[in-house]
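Visitor: Here is how the chains run, residue by residue.
4 protein chains.
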Amino acid sequence: MKETKVVRLKNDVRLDKSILLVGLPGVGHVGKLVVDLLIEELDAEKIIEIYSPHFPPQVVVDEDSTVRLVNNEFFICKANDTDIVILAGDQQSATGNGHYELGELYMQIADELNVSRIYTLGGFPTGQLDHIEEVMGAVNDASMIEELKEHNVIFRDHEPGGGIVGAAGLILGLSKFRDIGAACLMGMTSGYMVDPKSAQSLMDVLSSILGIEVDVSKLEERAKDMEKVVANLMEAKQQQQQQQQMMPDSSREEDLGYIG
Amino acid sequence: MKETKVVRLKNDVRLDKSILLVGLPGVGHVGKLVVDLLIEELDAEKIIEIYSPHFPPQVVVDEDSTVRLVNNEFFICKANDTDIVILAGDQQSATGNGHYELGELYMQIADELNVSRIYTLGGFPTGQLDHIEEVMGAVNDASMIEELKEHNVIFRDHEPGGGIVGAAGLILGLSKFRDIGAACLMGMTSGYMVDPKSAQSLMDVLSSILGIEVDVSKLEERAKDMEKVVANLMEAKQQQQQQQQMMPDSSREEDLGYIG
Amino acid sequence: MKETKVVRLKNDVRLDKSILLVGLPGVGHVGKLVVDLLIEELDAEKIIEIYSPHFPPQVVVDEDSTVRLVNNEFFICKANDTDIVILAGDQQSATGNGHYELGELYMQIADELNVSRIYTLGGFPTGQLDHIEEVMGAVNDASMIEELKEHNVIFRDHEPGGGIVGAAGLILGLSKFRDIGAACLMGMTSGYMVDPKSAQSLMDVLSSILGIEVDVSKLEERAKDMEKVVANLMEAKQQQQQQQQMMPDSSREEDLGYIG
Amino acid sequence: MKETKVVRLKNDVRLDKSILLVGLPGVGHVGKLVVDLLIEELDAEKIIEIYSPHFPPQVVVDEDSTVRLVNNEFFICKANDTDIVILAGDQQSATGNGHYELGELYMQIADELNVSRIYTLGGFPTGQLDHIEEVMGAVNDASMIEELKEHNVIFRDHEPGGGIVGAAGLILGLSKFRDIGAACLMGMTSGYMVDPKSAQSLMDVLSSILGIEVDVSKLEERAKDMEKVVANLMEAKQQQQQQQQMMPDSSREEDLGYIG
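Chains as they are written, first to last, in our numbering: chain G, 1 to 260; chain A, 1 to 260; chain U, 1 to 260; chain B, 1 to 260.
These aren't lab readings, by the way, just hints derived from the structure by calculation.
Since the list gives no way to pick out one identical chain from another, each pair is judged satisfied if it fits inside one copy or across any two copies.
In silico DSS-like cross-links for lysine-lysine, where the CA-CA straight-line distance does not exceed 27 Å:
id, residue 1, residue 2
1, Lys218, Lys228
2, Lys176, Lys2
3, Lys176, Lys5
4, Lys78, Lys149
5, Lys237, Lys224
6, Lys5, Lys46
7, Lys17, Lys46
8, Lys218, Lys78
Input sequences plus hints: build the corresponding full structure.
Guide: What follows is the structure in structure tokens.
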């Protein structure tokens, strides 16, 4: 496979003023958790598979020990009579230029599917284990800000300070060239692990925007499991800090690690 | 050399319903050990050499101080009247997209050689120095599982959890597009060193599948040498652990290393 | 976006014997600070935007929470009746060959804009936190040296010893093929942080070369802020050294770090 | 510059049964030191410059503060009526596939210049600071071994065990496809620093092969300077080892570093 390959599972898909949701793997897998749940709960139909030499050379092993090449997939469904397009996947591009090439391809498919609004979903790494019930936004068109604030999206000047890296950001930048309004919605997350709790916060905001109700019990379950992991981590960290206070030279070295 | 180069050493190779075995370097070199032995013991004939700018820019130095470019090679032989094709080599692609490009080339050659079944051979890293007499499988077609279980291949849902990276996995994924049934057979191995013992376990399973008997004395010899290395390593590790128990702060730091 | 994309905001730009100033992000962001100030103070007009798959796959978030793809931009303005062209940007190429491709593009645009002299602006990493009031030069044409010395540019044989890496150097090398005289002017900077003080030194030299006066109060302000950061860092370093003298074995290890 | 660029400084170069010497930067810069000296002492004439996006995006700063793009260069000269071609340069390819592309280009130029024998010159890293007066060889044609042994080239089965990486090896591999006999001659060197002493050993062997005498006083001078550096390093290492014996837990950690 020398070139990216688009496999269409359904022809003649005609949508009107559709909304594209993008949830690829990233910080805390927050965006991926949200769209994977939406695909299930809204019973979305897969219409396109994308394979690319820009993805890692890897197969995923499914429940029944069968494998398939890592890919990205487009789904469609309805929410309150609105056409929803969902972009989900196992991986993002493993190369920088692959990100640009795939981003352009997603824009072409969005055009075909008459996408008029895009929400890319992701996580914002706080470096803190405590959960923050907040969803931060960034847009490619300032006129979207007021509307999103009504759905509890927070905006902070120049934030994220380091910009947005990867598909969630790139799709915002590229859709500007095509005059499609796009927002990136980011759940707050530690950045250290998969974060279903942050995904819940993000799902709340998204449900409000789309005017739908989604059963998040699966996220709640996973969130409970993760809470135990976090509790253990926090306890371990506390113990470590206590020990460091008793062992000056070793603690110093690790402190330097945290600064760097 | 700007493009991958296929050197055919023999024309008019006509095979019928052949089986392709793939054993490129990887975890524990388990797959490579198996196919290198098979090439020798079944007196396989080399028919194709593949050179590629995707391989590392490197020559191998042979026994007599002569060098040759690193490559991948196709061999053919017979086992119980069945045509066997073997893909062996010094290296896998050094780039992600090279993996996809070479994978596609291997599929084309498999088509030419009427391959109807593929076994990719590799190692599954356990992180444990103790030998586990087990061969794990993953398939691109669920209907192969029962048959392989009869030859003592173990299947575990969602395992390997991280998917299968590199040629062994990619070839499974790509052959699905061509409706060729393919399985990846993985010997258990520590992941720290070349593992002829794991190769023996894998050879047992493969011999059962192919209905052949192969003299594995060469693997046994190498396995004995490696056992000494492993014994030394385990002793060193034990001593280290004892010392760590006596030196609390230094041990802590290294323990953290193992978790990370 | 598979290829680099040049967006022209103004057609029919005709300049005569113009001077190109290049200030892309780099060591201490010295060059970027200088050209960003010049664009503001000389009220320069943006004429070209360049987007490229060689830039990182990233959007910048501006003050009002709106995003835009990272890019490079060309501006034009006048200084003492001389046409000035300015190349500024968020990022340099993230790939080696991208540097060469973009460098060539910049040369083509310089040709269009009748550039007859180029100054690339950057920082020279000293590894020292103390400010050194000095601007070092390197040229692609020895006949420029005497003239630049009159504007207090320092030249040292074979310096920088490691050559000049990235756009600031490459543009000098590539413009040689087109017989355009080009100099790289480097402010001395620690290499550890953004350095507005070094940018002031560089601005002094550049103002002298161009025969202009530029209000550097914005750089002065930022320099004062950075001075506090530096003072804190130096104090911390001093404390650390004192502690190390009291803790022989830990200090040793870190000392080795500094040598390596 | 999107493509590699060949600048010919002299047309109509006609050579007969010429010998190509390759000395690009590498382990200990041994090969580069030898060919740079030969170019000077044999008064070789530069005939070709090669620029490439596969080289690092970098300029070299020469003695007079002028810069030039890093490149590779071909020179010609005579030694005992034999036409000698020399390939020298600032850098090797920074990418794996660039190595293959440039290697092929060098083969094409070798063809043009009627090269009938190739010696690539390099260093073999011993990991030891002590000088070993030995030159190891590898060939692409076993019939060259006996002849080279007469000139004190040592051959060891399967050595170097890790193959030969980079241009010195690749050129051997690629010239095999064109039936040009080629040998890689490697001076023993620590691998830690530029090694003019190893270059002297290699020059001795090469002088014997070519039947020439070369004034190596410049290498001798540099070798004396390096000897002081080595003496200091060895003393420092000894002191460090003594200190480690007195500080058990810190020494342990570093020892592990040496093993890994």
